[in-house]
Amino acid sequence: MARKEYAFYPGCSSQKGASASNYLVSVESMCKTLDIKMTEIPDWNCCGASISYAEAGELPRHVMNARNFALAETNLPGQDIVATCAACWLGARESKERLEHSSGLMADTQTALKEAGLAIKVIPEVRHMVEVLIEDLGYDELKKPVKKPLQGMKFAGYVGCQTNRPFGIAGESFENPMYLDKLIETVGGEAVKYDQKVTCCGGALAFSEPEKAQGQIKDIIEAAYDGGAEMIVTPCPLCQANVEVYQGQINKRYGTKFDIPVLYYSQLMTLAYGGSAKDAGLNGNVVRARKLEEFAGK
Amino acid sequence: MADTKTAAYICKGCEIDKRVDVSALVKTATKSGKMNLVREHDFLCSAEGVAMIQNDIDNEGVTHAAICACSRRAKTEAFNFPTIAMSRGNLREGVIWIRPDTEDARETTQEMAEDYVRMACAEVKAMQVPPGNQKTGTVKTLLVVGGGMSGMTSALEASKAGYKVVLVEKTGALGGWAGKLYRRVPTREPFKAPEDNGVADMVARIEADSNIKVYLNATIAKTDGAPGRFKVEIAIESGGIAQEDIGAIVQATGFSLYDANKLPEFGYGKTPNVVDQAGLEALAREAAAAGKPICRPFDGQPVKSVVFVQCAGQRDASGTHLQYCSGFCCNTSIKQAMYFKDANPDIDTVVLFTDLRTPGNGEDFYRAAQNKGVIFSKGVVSSVTPSGNACAVKFKDLILNEDTEAQADLVVLATGMVPNSGPDLDQLSEANRQAEGGDEAAKEQVVQLMSKSVLNLTYRQGPDMPQFKHGFNDSHFICFPYETRRTAIYTAGPVRRPMDILQAQEDATGAAMKAIQALENAGLGKAAHPRAGDLSFPTVRLEGCTQCKRCTVECPFGAIDEDEKRFPLFNESRCRRCGTCMGACPVRVISFENYSVNTVGSQIKAVDVPDEFSEKPRILILACENDAYPALDMAGMNRHEYDPYVRVIPIRCLGSVNTIWITDALNGGYDGVMLMGCKHGEEYQCHFVKGSELGRYRLSKVGDTLKGMNLETERVMDLEVAITDIATLPQKINDYAALIKSFPPSPFKGF
Amino acid sequence: MSDLNQEMAERYKNNFLKEIEEQAEMGEWVKMCMQCGLCSGSCPTNFHSGWDHPPQEIFMLIRAGKREEVLNSEGMYMCTSCYNCYVRCPRKVPVTHVMHGIAEYAYRIGRAPKAQPTLHLSKTFWSNATKYGRVNEVQLTQSLYFKDGVGAGIKKGLEMKDVALGLVKAGRLNPLEALGMGHKCKDIKGIHAMLAKAEELEARNKAAKGKE
Ligand code: SF4
Ligand code: SF4
Ligand code: SF4
Ligand code: SF4
Ligand code: SF4
Ligand code: SF4
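Chains as they are written, first to last, in this note's numbering: chain D, 1 to 298; chain X, 1 to 751; chain Z, 1 to 212.
It is worth saying that the hints were derived from the structure and are not from the lab. These numbers come from a predicted model, not from an experiment. One should not assume that every hint holds.
Below, a list of computed lysine-lysine pairs in the DSS-like style, where the Cα atoms sit at most 30 Å apart [claimed, not checked]:
1) Z:K169 <-> D:K114
2) Z:K18 <-> X:K396
3) Z:K18 <-> X:K394
4) Z:K209 <-> D:K96
5) Z:K206 <-> X:K304
6) X:K372 <-> Z:K18
7) X:K304 <-> Z:K13
8) D:K16 <-> D:K218
9) Z:K206 <-> D:K37
10) D:K278 <-> Z:K184
11) Z:K206 <-> D:K32
Just a few of them, taken from the derived set where beta-carbon distance is under 7 Å, the chain Z residues facing chain X [claimed, not checked]:
12) Q6
13) K31
14) M32
15) E57
16) R63
For each residue, glycine too, the CB sits at the ideal point set by N, CA and C.
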């Protein structure tokens, strides 16, 4: 038996071949080292994400999440649901709160679930991967397996919005959360100080209103450079993608020369735990993290 | 005093003996201090040490003791010998704690300690045991002027504490402003709905209270005497006069609403559909009595829409209307809006505000109103005009940044509080001055101003309480909110500063307690705050008095009248022992048993001033005992070091500084004099209100003296010190010492 | 669609605040705003053009009964769901959700601005997600690019070519998804039945409001 077991909710973007698939790869490696067993919720569906607000309406959104709750509860009884994507976590957790607070909403949800042959008894806890690492294991435990500390490397811990607000990691402030910096330090890296740690990356607006979102992304990257960072680290797939993939366009638009790798915390941990570049999914980074690739090869 | 026997006690505890040579201090006390008896002790404040002193008092006949140990602010319970005169030499906080423990510093530290021993010896020899004020009055009855919420509360609380109360109310009924309210702002959880105004209940309790005597339709015709023995004449309903003996007074005369007629732009007076908050209360009561909804005065139709205009004639920067926020009117509007919403949720209820200020638990109340559907809009109203049966309200929406208009059946103006505080004393004395010169208009004005008098005090300083900002009766608002400048007369409620009912009741309770304290102290011949318990009082050698009137004019507390021969007449029970009169007297005939020109002067002279070749300057610091001296003590506790050439003497107040001390010091070869006192002016922090201001005014003339002595004017420095300046004060002392060292030594050394 | 708009306008007469309270998700919070402006000051999109009304203003407009201005506003669609306003609001107004709720309502009654890109994304995302139960990122992207027609789509596609190619090379975009061969749930039928029921219940609930 693994030391911890969870019902895994990867979400759409972390599936194989999807925009955050390298996140998934590195999480798998990391969990293996930490002896955490993640069992995918069978036949899980999309969480609805924040962006679907306009079309979906209230009940359908909650029903989508409720289906996942019911599936987890039935197939993986007693296990907390763990999401790696910030938006999934937020959406699911919000649905959990709303359903638990409104008997009317819950009743309607059960009626809808019945159509798919499902029902909810008790909604499992809905947690983010980072919460699990910090709360269930703790920094000390995370440090133990470190074989190759990321000595001398400077990272800007970019927390962004949705792992930080509105729920956040217990005990952290919304304005200056420290957990990501601590994770960076846990694996031997240096967390630089910069002032855009919790600035929004533009979220879905990067897709629909690129001019507006890219302005924000530019501010974030600029601040990271100013803080002396060589790389950016984030816990959120949307942050990762937005900050990474538009660098070329931003360079065109603003005449900047951005070329900064944007990684997941799980990639750093995998490498520090002695994993290979492939284990860490470094091949999935659009802006190649050459320094880390070299480091992994050593 | 017959047999004087002096003694000095030198403590070795708290590491004093490790830092200074105590045997040398004993020698100093004996030789230069000339004490009859000198003892050292390992631990003076211990039971054993105290017993030793007590034994000397009882069996050796010691009458004067110089205790050279820690600060006079420490160990006051241990060193409590009421039958003798006592001084304290501050060797701990004043010497060893502010000096580095190094070999280099040892010599100057020792010199400092020896000076403080000499000073303590000199001081105590100049002191006498205060016998206490003999002219006491022991009346224990409280007079409460004003029968509103504040006044009723004061009366009930004083009665609860076992005191008799005379309650005087100008109108025919108790209740004041609260009595006019349909409902009041909630005082209890969950703060969501208006509640009963509570007046009937209080009136019933007062009527049932045998301690409280109520005069309705009555005013104060005359207040004579002093704390503990006021003679008050009350003009009563029948037209006659009732006499009451009173110990202390609470003035709770409340407020009037700012006159809405001064706001024609808001349509007041142009249509009956514009009312002030009192007007709305009246409409609500009428409606409730008739069992009908609140109706539009214009045509008696039920109100379907109402707009509240906040800050009407308030917070006005232009100077035309009230400049301040009355603090209660936002909550009142919220409450009044609920009158409508609770009766009928369909009534459009809009509150137009720039800032909504909801003190106390008003935030919950505000949310409750939002929940009930009251609409709050940020907007500035420019005009209200009659429009058909209703009104048109023009305003600028501050969020949407546009000019817009709303229709309303009724408009309520939140005008503010104007205190019922009696005439402005400065204005009155100016009018009096001109009237004496025969100015007819001024005579008129005097009559008119006097007609507003509330207390009709016979004090030389005027018939009423002095006013502070915006005409409110003053208090020492920063540190001691209840204190006033008239001993044993306290103001409470909105006459003191704008406040709501709940605050006023709390205020009134506090004022009643302070008044009780004051009358008790007066009965014992003791001072009131801030020298509560002090038994000394100012005495004057009238044969030396030149009738210059400085003392009568300057006394911040109106304690000094004039007798028939125009000599100063001290009312000891009104006096707070600030010493301002003593500092003011040009011929130095005023003194206290335990504080006089001599107690300080002899300390100044006791300091050993090295000659000009020693490179050891001497700097005198006269430090206010209320703020500066404690700050210095605390600097010591925090081991902030300062210059070893300063010698600090605590004084009661900057106001008590007689310029002779400064000239004596300079003549005696001191190189500089630094004065430390509290902030003065509008935001004063002086415990005696005007003391530091008067002192500073006096000191401003010292420059000429310095020039006359051919000295740099910077040699006398006036420093504003607050009790919190613990860390910065030592630096300021050091800077000043550096400046003094940059001057040549005083030419007066050795004379 | 616009019939629904008219029906609602009539049902709530002049009381737009009440309309929002009853019809928009979390709309009951609008009245609790105390106009401090913290939300607007915290909003990242506040700094960019195209932002006609930040949250504080939207709420104020609702309270002032400015129905047209609110329903036509682009403001709600500018929200990136960053939750800055949400955590900072001293009144604990769930600003983000209220903004979403109003947006959804405007859309529901057919009053949302036409060709609003974020709204389009929202719609597309939802239909994409519910079609197979999971998001098909390629189809999602395509349908977004082509929302203004084929020509514009190709142009946009070309602009974004580098971005897409980067993702494909990194193994993070699967071109096969374009053919509907990507991720899907097994029980698609169950999901569709479930959603149909939810939509039915939601419509019933909203319709019951404001009628007494
Ligand atoms: S506290 Fe004062 S009296 Fe007591 S031992 Fe210390 S210095 Fe002496
Ligand atoms: S309490 Fe409100 S209405 Fe009254 S003055 Fe202050 S801000 Fe204005
Ligand atoms: S000036 Fe001060 S000490 Fe002198 S009589 Fe007045 S209150 Fe008393
Ligand atoms: S100040 Fe001195 S001299 Fe002047 S009136 Fe008073 S007691 Fe007399
Ligand atoms: S932060 Fe909250 S209270 Fe302030 S304006 Fe925004 S919604 Fe209103
Ligand atoms: S959640 Fe939306 S409205 Fe709120 S601050 Fe972020 S972008 Fe602005």
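K278 (chain D) and K184 (chain Z) were given as a pair; does the straight-line alpha-carbon distance stay at or below 30 Å? holds, 26 Å
Going straight from one Cα to the other, do K304 (chain X) and K13 (chain Z) come out at no more than 30 Å? holds, 16 Å
Please work out if K18 (chain Z) and K396 (chain X) have their alpha carbons no farther apart than 30 Å. Holds, at roughly 24 Å.
Satisfaction of the Q6 (chain Z) interface hint, Cβ to chain X closer than 7 Å: Cβ of Q6 (chain Z) sits 23 Å from chain X, so the hint is violated.
Would you mind confirming whether the straight-line C-alpha gap from K18 (chain Z) to K394 (chain X) stays at or under 30 Å? holds, 24 Å
Taken at face value, is the distance from the CA of K114 (chain D) to the CA of K169 (chain Z) at most 30 Å? Violated, at roughly 42 Å.
Hint consistency between K206 (chain Z) and K32 (chain D) [alpha-carbon to alpha-carbon, up to 30 Å]: violated, 48 Å
Given a cut of 7 Å on the nearest C-beta pair, is the interface hint for K31 (chain Z) held or broken against chain X? holds, 5 Å
Holds or violated: K206 (chain Z) to K304 (chain X), with C-alpha atoms at most 30 Å apart: Satisfied, since the Cα-Cα distance of roughly 29 Å is no more than 30 Å.
Decide if the proposed pair is consistent with the structure: K16 (chain D) and K218 (chain D), CA atoms, cutoff 30 Å inclusive. Given pair K16 (chain D), K218 (chain D) holds - Cα atoms ~29 Å apart, limit 30 Å.
Interface hint for E57 (chain Z), Cβ within 7 Å of any Cβ on chain X: At about 6 Å, which falls below the 7 Å cut-off, the nearest Cβ of chain X leaves the hint on E57 (chain Z) intact, so it holds.
Close enough to count: is the Cβ of M32 (chain Z) nearer than 7 Å to one in chain X? Holds - the Cβ of M32 (chain Z) comes within 7 Å of chain X, reaching about 5 Å at its closest.
Going through the hint list in order, the structure does not satisfy hints 1, 9, 11 and 12.
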